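S.K.: Next come the chains, spelled out residue by residue.
There are 2 protein chains.
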Amino acid sequence: MNQEYPSTLLERAVKEFSKLPGIGRKTATRLVLHLLRKKEEEVEGFSSAIITLKREAKYCKECHSISDTDICPICANPLRDHSLICVVENIQDVMAVENTMQFRGVYHVLGGVISPMDGVSPSDLHINSLIERVAKGEVKEIILALSSTMEGDTTNFYIYRKLQQYDVKLSVIARGISIGDELEYTDEVTLGSSIINRRPFTGKTL
Amino acid sequence: MNQEYPSTLLERAVKEFSKLPGIGRKTATRLVLHLLRKKEEEVEGFSSAIITLKREAKYCKECHSISDTDICPICANPLRDHSLICVVENIQDVMAVENTMQFRGVYHVLGGVISPMDGVSPSDLHINSLIERVAKGEVKEIILALSSTMEGDTTNFYIYRKLQQYDVKLSVIARGISIGDELEYTDEVTLGSSIINRRPFTGKTL
Numbered sequence: 036m037n038q039e040y041p042s043t044l045l046e047r048a049v050k051e052f053s054k055l056p057g058i059g060r061k062t063a064t065r066l067v068l069h070l071l072r073k074k075e076e077e078v079e080g081f082s083s084a085i086i087t088l089k090r091e092a093k094y095c096k097e098c099h100s101i102s103d104t105d106i107c108p109i110c111a112n113p114l115r116d117h118s119l120i121c122v123v124e125n126i127q128d129v130m131a132v133e134n135t136m137q138f139r140g141v142y143h144v145l146g147g148v149i150s151p152m153d154g155v156s157p158s159d160l161h162i163n164s165l166i167e168r169v170a171k172g173e174v175k176e177i178i179l180a181l182s183s184t185m186e187g188d189t190t191n192f193y194i195y196r197k198l199q200q201y202d203v204k205l206s207v208i209a210r211g212i213s214i215g216d217e218l219e220y221t222d223e224v225t226l227g228s229s230i231i232n233r234r235p236f237t238g239k240t241l
Numbered sequence: 036m037n038q039e040y041p042s043t044l045l046e047r048a049v050k051e052f053s054k055l056p057g058i059g060r061k062t063a064t065r066l067v068l069h070l071l072r073k074k075e076e077e078v079e080g081f082s083s084a085i086i087t088l089k090r091e092a093k094y095c096k097e098c099h100s101i102s103d104t105d106i107c108p109i110c111a112n113p114l115r116d117h118s119l120i121c122v123v124e125n126i127q128d129v130m131a132v133e134n135t136m137q138f139r140g141v142y143h144v145l146g147g148v149i150s151p152m153d154g155v156s157p158s159d160l161h162i163n164s165l166i167e168r169v170a171k172g173e174v175k176e177i178i179l180a181l182s183s184t185m186e187g188d189t190t191n192f193y194i195y196r197k198l199q200q201y202d203v204k205l206s207v208i209a210r211g212i213s214i215g216d217e218l219e220y221t222d223e224v225t226l227g228s229s230i231i232n233r234r235p236f237t238g239k240t241l
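Protein sequence lines correspond, in order, to chains A and B.
Be aware that the first sequence starts at 36, since it is given in our numbering, and climbs by one per residue.
Be aware that the second sequence starts at 36, since it is given in our numbering, and climbs by one per residue.
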């Protein structure tokens, strides 16, 4: 199967594409040959967009999200509630929460979660700068919105311990059955958690 | 939805990725942010593999398949049957036929099929060079292995007309039910064609 490529340049490009998550050799070949059929300017546009992003991307000095400016538009927005910080793992999560249009505070991007198995320790994450933001005394509430995994829970607990000395409210996003999900197909841990964390019904399910 | 990207560099990279077939904005974002987490050398490797392929790829002077050399390894191989040419649309198809290990002849890559709707006329394809190969008098059989579409059929017919003056056998690959397919789920045109093109049963189904 390794000798099926009639060109080493083609093989190299396919190999690079195959490193991307969810892209196998077959898809990689299709994508590469698609690019090969395009004009040189178009392929240059593709190639340079990627490397330019890597070389020139800036990160917000407040929340560590990607930004074109030193302070990102969310952190720079005076209409956002700066006393409410939502802690997330990565930039995708900022975009995901923004898309809900349910959050008017600001963010803090950790850059991952604590994972001894993958060699990620607290010092690899933007945890200290979160503590510093809290230490300034203007933050009232931290919402922990990390993955519902062992690593996410570990990180939640680590931040909880680090913030104990500060007068700040700490909350986690609700775990429960997804909207549209049927009860019988929900895993028992989630279902159990959603029963323990039941709330008064005031006529609104959402 | 268009303003969800916190960085124009990020948005530009996502836009470029979204142009690839089968890649939507969500997948594009995931791939781009994956690359952003990699080291600069790795991203450079990815980026340069693509543009180098586009700039430096060579095509075989005989069959027009991609190649590192003027004549591709298949065309240069004296053990392949040079009197038997398999005509395909593109490089993927060469790889697909090679993977079957059922073909010991050589190839001819047209670079597409005749499609007036997409503005592809016979002169845009490597049809003349196919005729030239036949005109040399050493080719005994041409196997047409194009897509089973109106455009593929049109191209088959065009080549058939062009080759009528030459003493060369012309064949098309068999259409029929796929191996492993159940009859009741096969479309009626394919099934009808497979009945018309039935062959004597000699104890082997393959």
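Where hints are given, some of them may not hold.
No distinction is drawn between identical chains; accordingly, a pair holds when it is met within one copy or between any pair of copies.
Listed next, the in silico DSS-like pairs over lysine-lysine satisfying Cα-Cα at most 30 Å (straight line) [as the list claims (entries may be wrong)]: (1) Lys50 with Lys73; (2) Lys175 with Lys61; (3) Lys50 with Lys175; (4) Lys74 with Lys50; (5) Lys175 with Lys197; (6) Lys204 with Lys171; (7) Lys96 with Lys50; (8) Lys73 with Lys175; (9) Lys61 with Lys73; (10) Lys175 with Lys96; (11) Lys96 with Lys73; (12) Lys175 with Lys74; (13) Lys61 with Lys171; (14) Lys197 with Lys171; (15) Lys61 with Lys74; (16) Lys93 with Lys61; (17) Lys204 with Lys50; (18) Lys93 with Lys54; (19) Lys54 with Lys175; (20) Lys93 with Lys50; (21) Lys96 with Lys74; (22) Lys61 with Lys197; (23) Lys73 with Lys171; (24) Lys204 with Lys61; (25) Lys61 with Lys96; (26) Lys171 with Lys54.
Calculated directly from the structure, the hints in this document are not laboratory data.
Every value quoted in this text rests on a predicted model; they were computed, and no experiment measured them.
S.K.: Of the numbered hints stated earlier in the document, which are not met by this structure?
M.R.: 2, 3, 8, 12, 13, 17, 19, 22, 23, 24 and 26
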